[in-house]
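Number of protein chains: 2
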Amino acid sequence: MPTENIKRNGASRSWRDNLIDIEPYVAGEQKRSPRLVKLNTNESPFPPSPLVSKAIEGFDAEILARYPDPNAKGLVRTIAGREGLPEEMVFVGNGSDEVIAFAFKAFFNSGLPVLFPDLTYSFYPVWCRLHGIPYEQVPLNSDFRIGQEGYARGNGGIVIPNPNAPTGIAEGAEFFGRLLRANTDSVVIVDEAYYGFGAETILPLTRKYDNLFVARTLSKAGSLAGLRLGMGFGSPPLIAALNAVKDSFNSYTVGSFTQCAGAAALSDQAYYDDAAAKIIGTRERFTAAMRGLGFSVLDSSANFVFVTHPQLGAMELYEWLKARDILVRWFASPAKASSHLRITIGLDSEMDALLAAIEEYMQGKEI
Amino acid sequence: MPTENIKRNGASRSWRDNLIDIEPYVAGEQKRSPRLVKLNTNESPFPPSPLVSKAIEGFDAEILARYPDPNAKGLVRTIAGREGLPEEMVFVGNGSDEVIAFAFKAFFNSGLPVLFPDLTYSFYPVWCRLHGIPYEQVPLNSDFRIGQEGYARGNGGIVIPNPNAPTGIAEGAEFFGRLLRANTDSVVIVDEAYYGFGAETILPLTRKYDNLFVARTLSKAGSLAGLRLGMGFGSPPLIAALNAVKDSFNSYTVGSFTQCAGAAALSDQAYYDDAAAKIIGTRERFTAAMRGLGFSVLDSSANFVFVTHPQLGAMELYEWLKARDILVRWFASPAKASSHLRITIGLDSEMDALLAAIEEYMQGKEI
Numbered sequence: 000m001p002t003e004n005i006k007r008n009g010a011s012r013s014w015r016d017n018l019i020d021i022e023p024y025v026a027g028e029q030k031r032s033p034r035l036v037k038l039n040t041n042e043s044p045f046p047p048s049p050l051v052s053k054a055i056e057g058f059d060a061e062i063l064a065r066y067p068d069p070n071a072k073g074l075v076r077t078i079a080g081r082e083g084l085p086e087e088m089v090f091v092g093n094g095s096d097e098v099i100a101f102a103f104k105a106f107f108n109s110g111l112p113v114l115f116p117d118l119t120y121s122f123y124p125v126w127c128r129l130h131g132i133p134y135e136q137v138p139l140n141s142d143f144r145i146g147q148e149g150y151a152r153g154n155g156g157i158v159i160p161n162p163n164a165p166t167g168i169a170e171g172a173e174f175f176g177r178l179l180r181a182n183t184d185s186v187v188i189v190d191e192a193y194y195g196f197g198a199e200t201i202l203p204l205t206r207k208y209d210n211l212f213v214a215r216t217l218s219k220a221g222s223l224a225g226l227r228l229g230m231g232f233g234s235p236p237l238i239a240a241l242n243a244v245k246d247s248f249n250s251y252t253v254g255s256f257t258q259c260a261g262a263a264a265l266s267d268q269a270y271y272d273d274a275a276a277k278i279i280g281t282r283e284r285f286t287a288a289m290r291g292l293g294f295s296v297l298d299s300s301a302n303f304v305f306v307t308h309p310q311l312g313a314m315e316l317y318e319w320l321k322a323r324d325i326l327v328r329w330f331a332s333p334a335k336a337s338s339h340l341r342i343t344i345g346l347d348s349e350m351d352a353l354l355a356a357i358e359e360y361m362q363g364k365e366i
Numbered sequence: 000m001p002t003e004n005i006k007r008n009g010a011s012r013s014w015r016d017n018l019i020d021i022e023p024y025v026a027g028e029q030k031r032s033p034r035l036v037k038l039n040t041n042e043s044p045f046p047p048s049p050l051v052s053k054a055i056e057g058f059d060a061e062i063l064a065r066y067p068d069p070n071a072k073g074l075v076r077t078i079a080g081r082e083g084l085p086e087e088m089v090f091v092g093n094g095s096d097e098v099i100a101f102a103f104k105a106f107f108n109s110g111l112p113v114l115f116p117d118l119t120y121s122f123y124p125v126w127c128r129l130h131g132i133p134y135e136q137v138p139l140n141s142d143f144r145i146g147q148e149g150y151a152r153g154n155g156g157i158v159i160p161n162p163n164a165p166t167g168i169a170e171g172a173e174f175f176g177r178l179l180r181a182n183t184d185s186v187v188i189v190d191e192a193y194y195g196f197g198a199e200t201i202l203p204l205t206r207k208y209d210n211l212f213v214a215r216t217l218s219k220a221g222s223l224a225g226l227r228l229g230m231g232f233g234s235p236p237l238i239a240a241l242n243a244v245k246d247s248f249n250s251y252t253v254g255s256f257t258q259c260a261g262a263a264a265l266s267d268q269a270y271y272d273d274a275a276a277k278i279i280g281t282r283e284r285f286t287a288a289m290r291g292l293g294f295s296v297l298d299s300s301a302n303f304v305f306v307t308h309p310q311l312g313a314m315e316l317y318e319w320l321k322a323r324d325i326l327v328r329w330f331a332s333p334a335k336a337s338s339h340l341r342i343t344i345g346l347d348s349e350m351d352a353l354l355a356a357i358e359e360y361m362q363g364k365e366i
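Sequence order for the protein chains is A and B. Position one of the first sequence corresponds to residue 0 (numbering that gives the first Met the number 0), numbered consecutively onward. Position one of the second sequence corresponds to residue 0 (numbering that gives the first Met the number 0), numbered consecutively onward.
Keep in mind that the hints were calculated from the coordinates and are not lab data. Here the structure is a predicted model, which means the values were calculated and not measured. Each hint should be verified, as a subset may be incorrect.
Because identical chains share one entry, a pair is satisfied inside a single copy or across any pair of copies.
[To be verified] Here are the simulated DSSO-like cross-link-like pairs (lysine-lysine), alpha carbons at most 30 Å apart as the crow flies:
#, residue 1, residue 2
1, 53, 30
2, 364, 72
3, 72, 53
4, 364, 53
5, 53, 207
6, 207, 30
7, 321, 72
8, 72, 30
9, 321, 53
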């Protein structure tokens, strides 16, 4: 039986010495205030589809007395039908964070290092540490894009978000096809958390590449961050391994209400297409305005932009905005991120308030 | 960096060889049919408190667009207030299975074997295998009760459900006080999933013993198995370690709806006391009737009973009942369980239907 773990010190005398010692992921602040302009955690500024409200109105509390369907079959059928995939290629979980946490445990057991960009979702190294998986971070190119070269070597798996976060830059199916042709011995996870804002999906490639796993969430484009519903797509052996991890952790990860409200949201693509089009329009206007103020703004295919200004300190601007009830995200590390701010695309009015504040700040600095 | 995992074979060439190889927990069937008498997964036959319905009616879908409070502070405050404990001694999760899965990872890192009964919740060995924690199963006494002796030795932790499942037998605070006085070097988890049906709680002992962790759920007495809300109680260092695991796995494990509906349920103790009294009454009547039919029935402090009959095969009776749309739980292993059935206490009418079916079966066998 394997006995290795994060910490191993059988000789220790106190239970305190055997508590886990791990540095967790730090999520963006979930501050609440009516005055707050909250542009720090990439939520949608729009409410979920009206069909979700209808589902809530019709939801009978009595259903909650029974366990949910542990395999969420109805929801899986809805998702599979929508994406034109067989049900055995679909997995659902308590947010895509749970789906990806399970995927790391299910897929990355070779002992070789898992590869992901050095500037990306900062939960990836945390999951590796949690599960005891070795990893190496591959530097982005100087233009903040992901290159193929760093991934062309023996590895225990590859994880790439598309679009990448916090850059917002997306690669196309051609990029991933090339990566997958070159990498046949380990599982490739493509995290499409920010799908729906202009990036090409590579979901169809799951039919061609048995070692490709795609994760999605309803937290961003789906306006359902508070519901906690994530999805995963891949070949039947990948989904079977994921289910084995889930069933070794928690038989019922997705509650009855979440299954019901999630299915309602997924049946209203027209509503979400319209909301995404508004967000994309706002993103393009905001990007142009920021560039007009001298900011460098990476071309985003997500619902956020990653910006920097040659004469402004990012942390200082972040703090100044925060004091004025405007929350954006600043990352202290890695170094190549700390000169930038990641700004969620909210309502037009919110972006206007942010632009006015930034202009005021720059005037104060005489820039 | 630790690289050990469930499976380690860096030399393998195929991604398939590096998928996890683990035997998951098998939950009771979640069959649905209007005719079905479902007495196999220890759900409550009663709906949740009317305050839960009210909370659903008043729940605004717009809230779901934002992430939930990652620490569920409002819900934690409600629970802490109810139990008279400080907030830093309370943890919540996506069902008590998640809470306990996190607890194993957070507390059991000594490399020494974790101890639990050989007849108990069969998820405990699965969590150990998932996390790579060594374990040993301590035989119950011949009367199906938990003895102190088997736990009086060096260990990486102790896990005991109270009441135990599937026996239904509870031990008192005196038993656990003795266990805790003898076991000061590792964390003791007491799983109170079936609290509320007559067993004494040992929650107050968390103030006295810093190495005691108590888990609870709303899935049983709370009539909210479909909601997924579990709770954990312990000293601040235990809760801090749990939060470190949670934040290394999924920042937002408890959705906004669950936080809202859970708080509503927890504010209506009178409703649940009444429901539990009914279940206890039904349990006592059913126990007497089964004994009248020649069954041996362990004295239960839970919402289920564990029964056996000297002249009846448990598996055969289980199958016969299932064919007649009555679902109870039969465990193929361990050997000492396979001659028994675990029967959830449902409505009086459901228990009457079961009794009538069993009588019919026995008449057919001429017993």
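Worksheet entry | Violations among the numbered hints | 2, 4, 5, 6, 9
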